[in-house]
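There are 2 protein chains.
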Amino acid sequence: MNIRAVLTGKPKSSFIVQGIEQYGKWLKPYVRIEVRYLPLGGGTGREREKIKEREGRNYLKLLRPDETVVLLHEQGEQYSSLEFAHKLQKWQNIGVKNLSFFLGGPLGFSDELLSREWQKVSLSRMTFTHEMALLILLEQLYRAYCILDNRTYHY
Amino acid sequence: MNIRAVLTGKPKSSFIVQGIEQYGKWLKPYVRIEVRYLPLGGGTGREREKIKEREGRNYLKLLRPDETVVLLHEQGEQYSSLEFAHKLQKWQNIGVKNLSFFLGGPLGFSDELLSREWQKVSLSRMTFTHEMALLILLEQLYRAYCILDNRTYHY
Numbered sequence: 001m002n003i004r005a006v007l008t009g010k011p012k013s014s015f016i017v018q019g020i021e022q023y024g025k026w027l028k029p030y031v032r033i034e035v036r037y038l039p040l041g042g043g044t045g046r047e048r049e050k051i052k053e054r055e056g057r058n059y060l061k062l063l064r065p066d067e068t069v070v071l072l073h074e075q076g077e078q079y080s081s082l083e084f085a086h087k088l089q090k091w092q093n094i095g096v097k098n099l100s101f102f103l104g105g106p107l108g109f110s111d112e113l114l115s116r117e118w119q120k121v122s123l124s125r126m127t128f129t130h131e132m133a134l135l136i137l138l139e140q141l142y143r144a145y146c147i148l149d150n151r152t153y154h155y
Numbered sequence: 001m002n003i004r005a006v007l008t009g010k011p012k013s014s015f016i017v018q019g020i021e022q023y024g025k026w027l028k029p030y031v032r033i034e035v036r037y038l039p040l041g042g043g044t045g046r047e048r049e050k051i052k053e054r055e056g057r058n059y060l061k062l063l064r065p066d067e068t069v070v071l072l073h074e075q076g077e078q079y080s081s082l083e084f085a086h087k088l089q090k091w092q093n094i095g096v097k098n099l100s101f102f103l104g105g106p107l108g109f110s111d112e113l114l115s116r117e118w119q120k121v122s123l124s125r126m127t128f129t130h131e132m133a134l135l136i137l138l139e140q141l142y143r144a145y146c147i148l149d150n151r152t153y154h155y
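Chains as they are written, first to last, in full-length UniProt numbering: chain A, 1 to 155; chain B, 1 to 155.
Check each hint, because a few of them may be wrong.
Identical copies carry no separate label here, and so any pair may be met within one copy or between two of them.
To be verified - No more than 25 Å apart at the CA atoms, straight line, and that leaves these computed lysine-lysine pairs for DSS-like:
#1 12 - 28
#2 12 - 25
#3 120 - 50
#4 25 - 97
#5 12 - 97
#6 10 - 120
#7 25 - 10
#8 25 - 61
#9 97 - 50
#10 90 - 120
#11 87 - 10
#12 50 - 25
Worth flagging that the hints you see were computed from the coordinates, not collected in a lab.
Everything numeric in this text was worked out from a predicted model, so none of it was measured.
All chains should be built: construct the whole structure from the sequences, respecting the hints.
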């Protein structure tokens, strides 16, 4: 299974960039994960909705016919780490080839993306920056593979 | 209000250490936050319960008579970022001087700490490493102060 994490805008904080690299290394023995950054659609001024639409279209261009998409969204379903690991295993078992987590950008998702019948997953009731959400997602993916591999993972 | 975040064991990942410094800088204009690391109580072998007890006693030694303690615990109450900001404001309004977030260590909290009538807050249904939980807590504290200050915080 190929996993992609896609977000709008590159991480600005160097500790996040480092953390992404770190989890990439840790995840390598388990799964192929690609992190992809889409361009920001402009400032955050008056044209908010137009910018979100423009950014949203970039996600749609990425779609492959056999893509399983999960939106990280605050109104999504919350899983425990164990449930999330079992969810990954289930996707693997039913033969999902391409799994994409869409994280959005500073302005959130366009209505077009939100209206798709994609599963929504929430990492927390709390709101995170999208770069922090990426870091947490990678940590949970690593945790999930450790759980499925019966490995202890403490630090 | 003085805020302390206390955890057992020092962060091992350099990106976490960097992130903690970064949020420390960002939080400086708003609040005094001290991050304190308590010693690990030994290996993670057979004497798990004894180690947890030993580690737990170090938290009790830190307590000042006027301390408001919050345990970060997966069975705690979940707040949205906005609710968390209002909670902080409420503590400030009622004159809390010393607020401590206890994060525990790789083995979790001792029964002694869990039996105290302290408030428990959960960052997510997912389990995080305690060093990751620290990073998320600091991010949420920074977000909370930005919310209370009516500042936009995107990245």
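Okay, the hints, checked on the actual structure:
Taking CA atoms no more than 25 Å apart as the test, residue 12 paired with residue 28 passes in both settings, with 24 Å inside one copy and 20 Å between copies. For the identical chains of this complex, residue 12 and residue 25 are neighbours both inside a copy (20 Å) and across copies (16 Å), given an alpha-carbon limit of 25 Å. For the homomeric pair residue 120 and residue 50, the shortest alpha-carbon distance inside one copy (23 Å) is at most 25 Å, but the shortest distance between copies (42 Å) is not. Taking the closest pair of Cα atoms, residue 25 and residue 97 come within 25 Å of each other only inside a single copy of the chain (21 Å); across copies the shortest separation is 43 Å, beyond that limit.
For a Cα distance limit of 25 Å, the shortest separation of residue 12 from residue 97 qualifies neither inside one copy, at 31 Å, nor across copies, at 34 Å. In this homomeric assembly, residue 10 and residue 120 come within 25 Å of each other (Cα to Cα) only inside a single copy, at 22 Å, whereas the closest approach across copies is 34 Å. Taking the shortest alpha-carbon separations for residue 25 and residue 10, both the intra-copy value of 19 Å and the inter-copy value of 22 Å come in at or below 25 Å. Neither within a single protomer nor between protomers do residue 25 and residue 61 lie at most 25 Å apart by alpha-carbon distance, with minima of 28 Å and 39 Å respectively.
Proximity of residue 97 and residue 50 under a CA criterion of 25 Å is satisfied in neither setting, with 33 Å inside one chain copy and 46 Å between copies. In the homo-oligomer, the alpha carbons of residue 90 and residue 120 lie at most 25 Å apart inside one protomer (16 Å), although the nearest pairing across protomers, at 32 Å, exceeds that limit. For a Cα distance limit of 25 Å, the shortest separation of residue 87 from residue 10 qualifies neither inside one copy, at 28 Å, nor across copies, at 32 Å. Taking CA atoms no more than 25 Å apart as the test, residue 50 paired with residue 25 passes in neither setting, with 37 Å inside one copy and 34 Å between copies.
Violated hints, in rising order: 5, 8, 9, 11 and 12; the structure is consistent with all others.
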